[in-house]
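A.B. asks: Assemble the whole structure, with the sequences as input and the hints as a guide.
Residue numbers (this note's numbering), protein chains in the order written: chain A, 1 to 457; chain B, 1 to 457.
When chains are identical, the list treats them as one kind, so a pair holds in a single copy or across two.
With a straight-line cut-off of 20 angstroms between C-alpha atoms, the simulated SDA-like cross-links for lysine to any residue are:
no., residue 1, residue 2
1, K37, V48
2, K213, T109
3, K168, I178
4, K424, T18
5, K138, T18
6, K213, D92
7, K213, T273
8, K213, W97
9, K213, H272
10, K213, E95
11, K424, L22
12, K213, P93
13, K424, W97
14, K213, D425
15, K213, F275
16, K111, F275
Calculated from the structure, these hints are not laboratory results.
Number of protein chains: 2
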Amino acid sequence: MTLDTVLSHIDADLPKATDRLLTLLRIPSISTDPAYKADCDTAADWLVRDLQSLGVEASKRETPGHPMVVGHADGPGPHVMFYGHYDVQPVDPLELWNNPPFEPALEDTPKGRVIRGRGSSDDKGQLMTFVEACRAWKAVHGALPVRVSLFFEGEEESGSPSLIPFLKENTAELSADIALICDTSLFGENTPAIMTTLRGMLQEEVTITGPSKDLHSGLYGGAAMNPIRVLSRVLAALHDDQGHITIPGFYDGVPVLDPEVARQWDALNFDHTAFLGAVGLAEPAGETDRTVLEQLWSRPTCEVNGIWGGYTGDGFKTVLPSEAHAKISFRLVGQQDPFAIRESFRNMVQDMLPADCTVTFDGHGASPASQMSTDHPAFEKARKALSDEWPNPAAYIGCGGSIPIAGYFKDYLDMDAMLIGFAKDDDQIHSPNEKYDLESFHKGIRSWARILAELAT
Amino acid sequence: MTLDTVLSHIDADLPKATDRLLTLLRIPSISTDPAYKADCDTAADWLVRDLQSLGVEASKRETPGHPMVVGHADGPGPHVMFYGHYDVQPVDPLELWNNPPFEPALEDTPKGRVIRGRGSSDDKGQLMTFVEACRAWKAVHGALPVRVSLFFEGEEESGSPSLIPFLKENTAELSADIALICDTSLFGENTPAIMTTLRGMLQEEVTITGPSKDLHSGLYGGAAMNPIRVLSRVLAALHDDQGHITIPGFYDGVPVLDPEVARQWDALNFDHTAFLGAVGLAEPAGETDRTVLEQLWSRPTCEVNGIWGGYTGDGFKTVLPSEAHAKISFRLVGQQDPFAIRESFRNMVQDMLPADCTVTFDGHGASPASQMSTDHPAFEKARKALSDEWPNPAAYIGCGGSIPIAGYFKDYLDMDAMLIGFAKDDDQIHSPNEKYDLESFHKGIRSWARILAELAT
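C.D. replies: This is the structure in C-alpha cells:
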C-alpha cells in the first residue's frame with residue numbers, strides 16, 4: 001500500500017472534506033450552556049454516521065452529561081486510539097463576530113484561505129483532520145495501515161465531568177498501544193510540533209457577600225463594607241510585584257526546568273515581542289525572573305476569567321451591592337496538586353475577609369499537569385512523518401494550555417499520548433471570529449496519513 | 001383659615017390620596033435607561049394634570065433629556081418653592097422583588113401598613129406628600145396659606161444633566177424666598193429632621209484595556225497582562241488599611257467637625273450596631289478613627305458601585321479578557337472639589353497601569369457637598385411645625401446621601417433650601433422591594449400642611 005496515492009486522494013478530495021467540516025461546524029454544540037444540550041447530541045449523531053460511512057464500527061454512548069462517540073476499525077500492526085472533542089466554547093461577545101459563529105464559511109485573507117466559525121480550529125477542524133486521513137486510506141486501499149480506535153468527547157470545554165467514569169467503565173475497549181490527540185498548535189507557520197508538557201487546571205468561582213441586601217451608597221457608604229472592595233483586595237493580593245503567585249504552598253511541586261529542555265527552547269528563537277505585539281501588548285506579565293516561553297510552558301499561572309458585581313448596565317446606579325463574584329483559574333505544572341492548591345486558595349481568601357463578610361466557593365475543573373515520556377517508538381516515527389510533510393523538522397515543545405485527557409489516558413488506560421495539532425496562534429480559539437487555516441486542515445490530513453503509514457513500519 | 005380642618009380633611013382623604021400615589025407609581029419612569037424615555041414623559045404629563053386639577057397653573061417643560069414640571073399657585077405671605085423628582089432607580093436584580101416593581105400595592109407588615117413598589121419612597125411618595133397637603137388646603141379653604149411654586153425633575157437618578165441649564169434659563173420664574181425639598185429621611189421612627197449637611201457626589205466609569213482582544217488563558221496566561229488583575233490592583237489601592245481613601249489630595253477641603261455639632265450627634269445616641277446589624281454587618285467599614293455617624297454624615301467615601309469583565313455566564317470559560325470595567329462613586333463633604341478629585345483619581349489610575357495597558361474614563365455626575373445655613377427664619381418655623389406633628393421634637397441632622405439640588409438652588413437661584421423628608425432607613429430605596437410607610441405618607445402630608453401654616457405666620 002503506497003502513501004503517495006493516499007496523499008493524492010487527499011489533495012483531490014479537499015473540497016468535499018471541507019464541506020463535511022462546514023456541516024459539522026453548523027451544529028452549535030456549546031457544552032457549557034444547557035441551552036445547547038440537544039445540539040451536542042446532534043453533533044455526536046453526525047459523527048457516528050460519518051464514521052459509519054467510512055466503514056468504522058461507531059456508536060454514541062450516553063453519559064450523565066453529553067454523549068461520547070466511540071469507533072473501531074481493524075488493521076494490521078499497532079493499535080492507536082485517536083481522541084478529539086466535538087463541543088465548542090460559548091460565542092460571547094457575539095457583537096464582535098463579523099459573521100454568525102455557526103454559519104461557517106471559507107474566507108480569503110491576506111495570509112491565505114481560512115475556514116471561519118466557532119469550533120473551526122478548536123476542535124472540530126482538528127478532529128476531522130484525522131477522520132479525513134482515515135477516509136483517504138479507506139478510499140484508496142480499502143483498509144487502514146494500522147488498527148484504529150476513535151474516541152470523541154462532548155464535554156472538553158466544560159470540565160469533562162463524565163470522562164473519568166467513562167474511562168473507568170470502558171478501560172478494555174479504549175486501551176491501545178498509544179493515544180493520538182489533535183487539540184494543539186503548530187510551533188510556527190512551517191514548524192510542526194509534538195507537545196510533551198501540558199499545564200493542568202484548577203477552576204474556582206468565588207462569591208463574597210457583605211451586606212444582606214443591596215444598599216444605597218449614600219445612606220450606607222463609608223460605614224457598610226462593600227464586597228467589591230473585599231474581592232478587589234483578594235484578587236490584587238494573588239500576585240506580588242514580581243508576578244509570583246502568593247497562595248501559600250502554590251509552588252510546591254513546580255519542577256526546576258531541565259537545562260537540556262531550556263537549551264532546546266532557547267534554540268527555537270521564540271520571538272516574544274512579536275507574540276505579545278500581535279495582541280497589542282509589549283510587557284511580559286508573568287514572573288519577572290522567567291522568559292516568556294517559560295511563563296507559557298513551564299510555569300503555573302493564576303488568571304481571573306470573569307468578574308461581576310453591583311450595577312453593570314447603562315448609566316449609573318449608586319448601589320452598594322450585597323455580593324461580588326469572580327471566576328478564577330490556575331494553570332498548573334509538574335507535580336502541583338490541584339486539590340491542595342484549592343484548599344490553600346480557599347483558606348487564603350477566607351483569611352482576608354472582614355469578620356462580617358462571607359465567601360462561598362464553587363469548584364469547577366481540577367486536573368494536574370502532564371509530562372509525556374518520549375520513550376515510546378511512536379514518538380520518533382510521528383516526528384519523522386511530520387518532518388516529511390512540513391518545511392521545517394518537527395519539534396518537541398511545551399504548551400501553556402490544559403488538556404488533562406493526556407494525563408487521564410496515562411492514569412486510567414496506562415497509555416502514552418502524542419499531542420499533535422495544526423492550529424495557529426492567530427486562530428482566535430475561545431474568541432470571536434475563530435478560524436482554521438485551510439492549509440492547517442489540508443496539511444493536517446496529510447500529516448495524519450503519513451503518521452499512520454509510519455506507525456505501520 | 002384654621003389648620004385643624006385641613007388636618008381632618010387630610011385624614012379623611014387618605015384612601016384617595018393613596019390611590020393617586022399608586023397611579024403614579026405604576027408608571028416605570030426609570031430615567032437612566034433610554035428604554036423608559038416615554039414612561040418618564042408619561043409621569044410628567046400625569047403630574048401636570050394632577051396639579052392642574054387642584055388649581056395650580058402647571059406645565060411640562062421639554063429639555064434635551066427628560067421633561068421638567070413647573071407649577072405656580074398664588075397665595076399671601078412668603079413665596080416657597082417645592083422640589084421633588086418623579087424619576088426612579090432601575091429595578092434590577094428583578095428576581096429579588098416579591099411583586100413586580102411597577103405593580104404597587106398596600107401591604108400589611110409587622111411594623112404597619114406600607115406602600116410597596118419602586119419609587120414609593122424615592123421620590124414619588126415623598127413628592128406627593130406636598131402635593132396632597134396643597135390639595136387639602138385648597139379643598140378646605142379654596143386657597144393656599146402662602147404663595148407656592150412646584151418644580152419636579154425627571155433626571156435626579158441619572159445625574160441631572162438638564163438641571164443647571166434649566167435653572168439658568170428660568171431663574172426669575174423658579175426663585176422664591178426659600179426652597180422646600182422632600183427627598184430625605186426621618187432621623188428615627190418618631191423623630192422628624194431637617195437636613196443641613198449633604199454629601200456631594202463624583203461618579204466615574206473606568207475601562208481598562210489590556211490585550212487587543214479576548215485571549216485563551218492557556219495560550220497566553222502568564223505572559224499577557226489581564227486587565228481584571230490591573231483593575232483589582234487599582235480598586236484595592238483606593239483604601240488603606242485604616243479605611244482612608246488614598247487618592248492624592250482627596251481630603252483637601254474636608255472640614256474638621258464642629259465640636260458643637262459633634263456634641264449634638266453624640267446626644268442622638270445613634271445605635272450603629274443596630275444600624276449595621278439590620279443589613280447583616282457588624283464592623284464599621286470606614287475610617288477607623290471616626291464614629292459611624294461621622295463616617296455617614298461628615299466624611300467622604302469611595303465606593304465601587306459596579307464591576308464587570310470577562311465571562312460572567314454559567315459554567316466556566318478560560319478567557320483572558322481584553323477589557324475590565326468599574327463604576328466608582330465618591331461622596332464628598334465640605335469644600336472638596338469634585339473636579340480636582342476627578343483629575344487626581346484619573347492620574348492615580350493612569351500611574352498604576354502597566355505601560356501596555358490603557359484606560360478610558362467616562363465621567364458621570366460631579367457635584368460638591370452642601371452645608372445649609374439655618375439663619376433663615378423658615379428653619380425654626382418648620383422645626384416647630386414638625387415638632388407639633390411628631391412624638392419627638394425635630395432635629396437638625398447630617399445626611400450621607402447626595403442631593404446636589406440644594407447647592408444648585410443656592411448657587412443659581414440664591415435661595416436657601418430646607419430638606420425635610422419622611423422616609424425610613426428600612427425603605428429599601430435603590431433596592432428590591434422598596435416601600436414607603438403609610439404613616440410616612442400620612443404624617444408627611446400633615447407635616448407639610450402644618451409647615452405651610454407656620455410659614456404664613
